[in-house]
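S.K.: If you want the building blocks of each chain, they are given just below.
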Amino acid sequence: MNSHKVISIRNLTPSTYVIRMEKKDFTFKTGQYITLGFSGSIDRREYSIYSAEQDDYLEVLIKEVEDGLLSKKLKKCKPGDVLDVDGAFGHFSLKEDEIKNKKFMFISTGTGISPIHSFIHTHPEMDYTLLHGIRHKNEAYESESYDPNRYILCTSGENTGDFNGRVTEYLLKNPVSPDTICYLCGNCHMIYEAYDILEKQGIKLGPIHTEVYF
Amino acid sequence: MKTIAFKTLGCRLNQYETDALASTFQNNDYKLVDFDTEADIYVINSCTVTHQSDHKSRHFISQANRRNKDSVLVVTGCMANNAKEELENRDEINYVLENDNKSALFSLVEAHFKGELKHPSQLDKDLFAYGATEKGFHTRSMIKIQDGCDNFCTFCIIPSVRGRAKSRSFEAILDNVRSVVDNGAKEVVITGVNIGRYEFEHYKFDDLIEAILNLDGDFRLRISSLEPDGFGDKFLGLLSHPKMTPHLHLCLQSGSDEVLLRMRRMYNIKTFKNTVEKVRTIRPDFNFTTDIIIGFPDESETAFTDSCDMIKDMEFGHVHAFKYSIRKGTRAERMENQVPEKVKTERSEVLRGIAEESKLKYRSQFIGQTQRVLVETINGNTAKGYGEHYIPVQFEAEDLKENTFYNVSIKAIVEEKDGLLLGELI
Ligand SMILES: Cc1cc2nc3c(=O)[nH]c(=O)nc-3n(C[C@H](O)[C@H](O)[C@H](O)COP(=O)(O)OP(=O)(O)OC[C@H]3O[C@@H](n4cnc5c(N)ncnc54)[C@H](O)[C@@H]3O)c2cc1C
Numbered sequence: 003m004n005s006h007k008v009i010s011i012r013n014l015t016p017s018t019y020v021i022r023m024e025k026k027d028f029t030f031k032t033g034q035y036i037t038l039g040f041s042g043s044i045d046r047r048e049y050s051i052y053s054a055e056q057d058d059y060l061e062v063l064i065k066e067v068e069d070g071l072l073s074k075k076l077k078k079c080k081p082g083d084v085l086d087v088d089g090a091f092g093h094f095s096l097k098e099d100e101i102k103n104k105k106f107m108f109i110s111t112g113t114g115i116s117p118i119h120s121f122i123h124t125h126p127e128m129d130y131t132l133l134h135g136i137r138h139k140n141e142a143y144e145s146e147s148y149d150p151n152r153y154i155l156c157t158s159g160e161n162t163g164d165f166n167g168r169v170t171e172y173l174l175k176n177p178v179s180p181d182t183i184c185y186l187c188g189n190c191h192m193i194y195e196a197y198d199i200l201e202k203q204g205i206k207l208g209p210i211h212t213e214v215y216f
Numbered sequence: 538m539k540t541i542a543f544k545t546l547g548c549r550l551n552q553y554e555t556d557a558l559a560s561t562f563q564n565n566d567y568k569l570v571d572f573d574t575e576a577d578i579y580v581i582n583s584c585t586v587t588h589q590s591d592h593k594s595r596h597f598i599s600q601a602n603r604r605n606k607d608s609v610l611v612v613t614g615c616m617a618n619n620a621k622e623e624l625e626n627r628d629e630i631n632y633v634l635e636n637d638n639k640s641a642l643f644s645l646v647e648a649h650f651k652g653e654l655k656h657p658s659q660l661d662k663d664l665f666a667y668g669a670t671e672k673g674f675h676t677r678s679m680i681k682i683q684d685g686c687d688n689f690c691t692f693c694i695i696p697s698v699r700g701r702a703k704s705r706s707f708e709a710i711l712d713n714v715r716s717v718v719d720n721g722a723k724e725v726v727i728t729g730v731n732i733g734r735y736e737f738e739h740y741k742f743d744d745l746i747e748a749i750l751n752l753d754g755d756f757r758l759r760i761s762s763l764e765p766d767g768f769g770d771k772f773l774g775l776l777s778h779p780k781m782t783p784h785l786h787l788c789l790q791s792g793s794d795e796v797l798l799r800m801r802r803m804y805n806i807k808t809f810k811n812t813v814e815k816v817r818t819i820r821p822d823f824n825f826t827t828d829i830i831i832g833f834p835d836e837s838e839t840a841f842t843d844s845c846d847m848i849k850d851m852e853f854g855h856v857h858a859f860k861y862s863i864r865k866g867t868r869a870e871r872m873e874n875q876v877p878e879k880v881k882t883e884r885s886e887v888l889r890g891i892a893e894e895s896k897l898k899y900r901s902q903f904i905g906q907t908q909r910v911l912v913e914t915i916n917g918n919t920a921k922g923y924g925e926h927y928i929p930v931q932f933e934a935e936d937l938k939e940n941t942f943y944n945v946s947i948k949a950i951v952e953e954k955d956g957l958l959l960g961e962l963i
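Residue numbers (the working numbering), protein chains in the order written: chain A, 3 to 216; chain B, 538 to 963.
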C-alpha cells in the first residue's frame with residue numbers, strides 16, 4: 003500500500019467528482035481498479051482508475067452514494083490530503099492483440115464509465131462505440147472528452163440524450179454485430195440483462211468483459 | 538525429546554503447510570503427538586473463512602492451554618492475520634505467527650527454547666520455504682505452487698489474510714515434485730489459494746501441469762481446488778493424461794448468474810456447465826466436486842433453487858456446502874438484504890439432502906468397476922484409501938502395504954458411511 007497526495011478535486015455534478023492524485027511509480031493496466039482509503043484508516047473501497055496509463059497522475063471518478071461512508075468522506079478531501087492506494091487489481095482489461103484490429107462496444111451505467119474512459123484515453127485510436135446509461139443528462143460525465151460520433155448517451159429519466167431509455171433497451175433495438183468485442187461495467191442488474199441480450203445476438207463474453215460495482 | 542502437536546483448520550494449503558512444518562520438527566528430533574494429548578508445543582494452524590472456523594480456532598486454543606498450561610502455544614494461519622491484536626492480547630498464546638512468517642515456525646520455537654525471545658516480525662518471510670513433507674500425516678504429497686489471491690470475490694476474506702497472488706518458481710516446483718516422487722510419494726497434490734492463476738515468467742498453470750505430468754516416476758497427479766475461470770482448452774486436454782486423476786474440485790459457489798455477479802465471480806453458469814460437459818464427453822465418470830455458499834445476501838428462493846438444480850444437473854460427487862457468514866471488511870458485509878439465519882439453516886438442510894443424493898448416485902456408478910486405490914491406512918487385513926476419482930474405498934486382503942496401489946473391484950456402497958465404497962482385490 004502506498005500513500006498518494008491529492009492534487010485536485012474536480013466536481014462534475016453536485017454528487018460526482020474526480021480525485022486527481024500524484025502517480026509516483028504506480029503502474030496499472032487500463033481497466034484495473036485500486037482500493038482507496040484515508041491514510042491509516044481501515045475503511046477502504048474499490049475504485050476503477052479513470053485516468054489513462056500514460057497520464058502522469060492517477061484519477062478516480064466517484065459518485066457520492068446516499069448513506070455511503072467513504073464516497074461521502076472522499077468528496078470532502080482537499081489538495082494535499084494523503085490517501086492510501088492499493089492495487090492495481092482486477093482482470094477487466096483489453097487484450098493487446100485485439101486493440102488495433104477489432105471493433106469494440108463499451109456499455110456502462112453511471113460511474114461504470116470510469117474504466118472505459120481509461121480504455122479510450124489510453125488507446126484513442128481504438129474503433130469503439132460507447133453506450134453510457136444514466137438518468138439525467140447532467141450525469142454524462144465529461145462526455146466532451148469522447149468522439150461525438152462514437153458516444154451514445156442513453157437517458158432513462160428524461161428525453162435529453164441520444165436515446166431515451168436504458169442501455170438494455172437500446173441494445174434490443176440496435177443489435178450489436180457478432181464480431182464486436184463488448185465490455186460491460188456498472189451495476190449488477192444492467193450487466194445481467196445486457197449479458198443475456200448480447201449472448202442472444204451472438205456475442206461471446208469471457209470473464210474479463212464484465213466489471214460489477216454493486 | 539520435546540513433543541509437538543498440531544491442529545489444522547480449513548483448506549488444503551493449511552494442511553500442506555502443517556505437514557511440511559511437522560516434518561521439519563520430526564527431522565530435528567521433536568516427537569509428533571496427537572493434539573488431544575499433553576505436548577510441549579501446540580501449534581494451531583487456524584482458518585478464518587467463516588464464523589464457524591473462527592469459533593473452532595478459538596476452541597482449540599483454549600483446549601491446548603487446558604492440556605498443558607506451560608506449553609509453548611503458537612497460533613498461525615489466517616486467523617492470526619485477521620485477528621492478530623485479539624490473539625496477541627491473550628496471555629496463554631506465546632506467539633502469533635502471520636501467514637508470511639509461518640514457514641519460519643521451526644526457527645521461532647528453537648529460539649524460544651534457547652532462551653532467545655524472537656518477535657515473529659524478526660523472522661524470515663518466505664511463502665514457499667517449506668521443507669519436504671515425507672514424514673507428514675498423509676500418503677498424498679502436497680506441493681504448494683502459489684499463495685494469495687487477487688480475485689476479490691465479495692464474500693471472501695482470503696485476499697486480506699493471504700495477500701496478493703504470488704507464484705513459486707517453475708523449477709523449484711518441478712524439483713519439489715521430483716524429490717517427493719524419489720522419496721516414494723505415489724500421489725502428488727497441487728495446492729495453493731488460487732492455483733489456476735499460476736504465473737511464473739512465461740509459464741502459466743497449464744504449462745506447469747504439463748511439465749509435472751511429463752516427469753518420470755510411478756505417481757499420479759491430483760489438482761486441489763480450482764476456480765472455474767483460470768484455465769483453457771490446453772488444461773482440459775491434460776485431464777486425459779494417464780497420470781492425471783479424473784477429479785477436480787471446481788468451486789461453483791452459486792447456481793444463479795445474478796448471485797455470481799454480485800459475488801464478483803469470474804464465470805457464469807453457462808461456462809461452468811460447458812467445462813463440465815466438455816470433460817465428461819471424454820470421461821463420463823469424471824468426478825466434479827464443488828463448494829456452494831448458501832444464503833449470500835439477497836439470495837432469492839429462485840436463486841437458491843438454481844443452486845439445488847445445478848447440483849442435480851452436474852451430478853457432483855461431493856458438495857462442500859456452507860452457510861454464508863459475514864466477514865468483516867468484505868463488500869458483501871455492506872450488501873443489503875442479508876438472508877436471515879433461520880432461512881439459511883432451512884436452505885442448508887434442503888441443499889445438503891440434495892448433495893447427499895447426488896453423491897450417492899455418482900458413487901454408485903462405480904459398483905462393478907475397478908478403482909486403483911492408493912492405500913493410506915491399514916487395520917489388520919482391512920485397507921482404506923482413495924481411488925483415482927478421489928472416492929474412499931475399503932477392501933480386505935493379506936500382506937497389505939501402505940502407500941501402495943491396488944486394483945480393487947467395487948462391489949458395494951455403504952450409505953451410512955458417507956458413501957464409502959467396498960471392494961475386492963483383483
Ligand atoms: C471493482 C469495483 C470498482 C468500483 N469503481 C467505482 C468507481 O469507479 N466509482 C464509484 O463511484 N464507485 C465504484 N465502485 C463502488 C465503490 O467501491 C463503493 O461501493 C461506493 O463508492 C460506495 O461506497 P460507500 O463507502 O460510500 O458506501 P457504503 O457505506 O459501502 O454503502 C452504503 C450503501 O450503498 C450501497 N451501494 C454501494 N455502492 C453503491 C453504488 N455504487 N451505488 C448505489 N448504491 C451503492 C451499499 O449496498 C450500501 O447499502 C466500485 C466497486 C467495485 C467492486
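Keep in mind the hints are simulated off the structure, nothing from the lab. Keep in mind that this is a model prediction, so the values were computed, not measured. We put the beta carbon where it would ideally sit given N, CA and C, even for glycine. Among these hints, one or two may not hold up.
Unchecked claim - Interface residues of chain A toward chain B, partial, derived using beta-carbon atoms under 8 Å:
hint	residue
1	F40
2	C190
3	Y194
Claimed, not checked - Each pair of labels, with its calculated beta carbon distance range:
hint	chain 1	residue 1	chain 2	residue 2	range
4	A	D45	B	E873	28 to 38 Å
5	A	I44	B	N918	57 to 67 Å
6	B	E952	A	N4	23 to 33 Å
7	B	E747	A	K105	55 to 65 Å
8	A	D69	B	K606	27 to 37 Å
Stated by the list, open to error - List time: in silico DSS-like cross-link candidates among lysine-lysine, alpha-carbon distance up to 30 Å:
hint	chain 1	residue 1	chain 2	residue 2
9	A	K202	B	K810
10	B	K741	A	K75
11	B	K865	B	K898
12	A	K97	B	K741
S.K.: Sort out which numbered hints this structure fails and list those numbers smallest first.
M.R.: Checked against the structure, the hints that fail are numbers 1, 4, 6, 7, 8, 10 and 11, while the rest are satisfied.
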